[in-house]
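Chain residues, written in single-letter form:
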Amino acid sequence: MNTMINKPVNVHTLWIAMLLLTMATYAMGELGFSGAAVMLFLLLTAAVKATFIIRDFMELRGVSLLWRVIMYGWLLIVCTAIAITYIISL
Amino acid sequence: MNTATIISEPLLEESRLLPGDLAIWFFIFMELLVFGIAFVSYAVVRVQNVEMFNQYQLTLDRELGAINTLLLITASYFVVRAIHAIRINDVRGCIQWLYASLGCGAGFLLLKSVEYYEKFSEGINLSTNTFYMFYLSLTMFHFLHVILGMIILFAVTIKAQRGGYSAQDHIGIETGASYWHMVDLVWIILFPLVYIIR
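Same order as they appear, the protein sequences are chains A and B. Residue numbers for the first sequence follow our numbering, so the first one is 1 and each next one is one higher. Residue numbers for the second sequence follow our numbering, so the first one is 1 and each next one is one higher.
No lab work stands behind these hints: they were computed from the structure. A couple of the hints might just be wrong.
Stated by the list, open to error - Restraint ranges, calculated between C-beta atoms of paired labels, are given here:
#1 A/ALA37 - B/ILE158: 45 to 51 Å
#2 B/THR128 - A/THR13: 40 to 46 Å
#3 B/ILE158 - A/THR85: 41 to 47 Å
The beta-carbon is built from N, C-alpha and C at its ideal position, and this holds for glycine as well.
Sequences and hints are given; from them, build the entire structure.
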């Protein structure tokens with residue numbers, strides 16, 4: 001796991017990236033952006049952050065496929081369901 | 001016996017075990033299922049109340065929501081640092097990172113309480129309208145999980161202070177960390193869903 005600290009893409013850079021993505025999400029809200037493209041961007045941003053948490057913070061990289069399917073499957077189903085309902089309501 | 005060893009070794013090479021106690025993972029999967037259903041319910045109900053949801057979403061404090069997101073992500077990062085510390089037998093460093101993470105958790109609870117105080121002062125409650133019903137129930141349910149996560153982390157920190165963990169034996173810290181990351185993971189979806197996306 002210590003290799004995760006020494007690589008260029010490591011837990012430190014992922015942490016910074018997640019902070020920046022959160023600020024980008026906040027900025028989108030402050031600017032009052034809406035619409036399908038913005039919604040998909042915001043969901044994608046959340047999904048990227050969630051993937052970093054699952055893969056690198058929870059350390060599910062390399063665990064049995066079943067556990068990864070459950071975690072990434074949950075993320076995919078929730079984000080897809082949200083996206084579909086928002087597109088319906090446009 | 002030798003045959004069993006030969007058969008099982010390649011399997012162990014192929015995939016790592018889940019960090020922490022396996023039992024916490026079933027608890028995590030159950031929690032994610034409940035939150036997942038709640039998120040999708042919010043999105044489905046919104047379809048029939050788009051104007052109301054868009055109107056009242058604007059009354060939420062996005063600054064506090066964003067700061068709280070930064071706090072939870074940072075709290076998760078600090079727990080990752082704590083695990084890295086204990087893996088090199090740096091018990092003191094591990095304890096410091098755990099307390100730093102607890103500090104972020106306390107900050108989250110404080111800011112969320114300020115947010116609730118503002119809303120309750122305006123006379124808003126669960127029965128005000130459908131949007132606030134979802135906003136309050138979703139965030140309060142999550143709030144309770146932050147408290148539970150902090151209790152688990154605090155218990156782990158106390159055990160670490162008493163010399164209960166080492167580089168060879170720290171499954172308890174991994175167990176607490178996994179639950180703490182789940183609390184962060186849920187908020188990462190909740191924040192844009194309730195505060196931003198419209």
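Hints and how they fare:
1. Our hint of 45 to 51 Å for A/ALA37 and B/ILE158 holds, since their Cβ atoms are close to 49 Å apart.
2. In this structure the hint that B/THR128 and A/THR13 lie 40 to 46 Å apart at CB holds, the actual value being about 43 Å.
3. One distance hint, 41 to 47 Å for the beta-carbon pair B/ILE158 and A/THR85, holds here, with the actual separation near 44 Å.
Comparing the model with each earlier hint shows no violations; every hint is respected.
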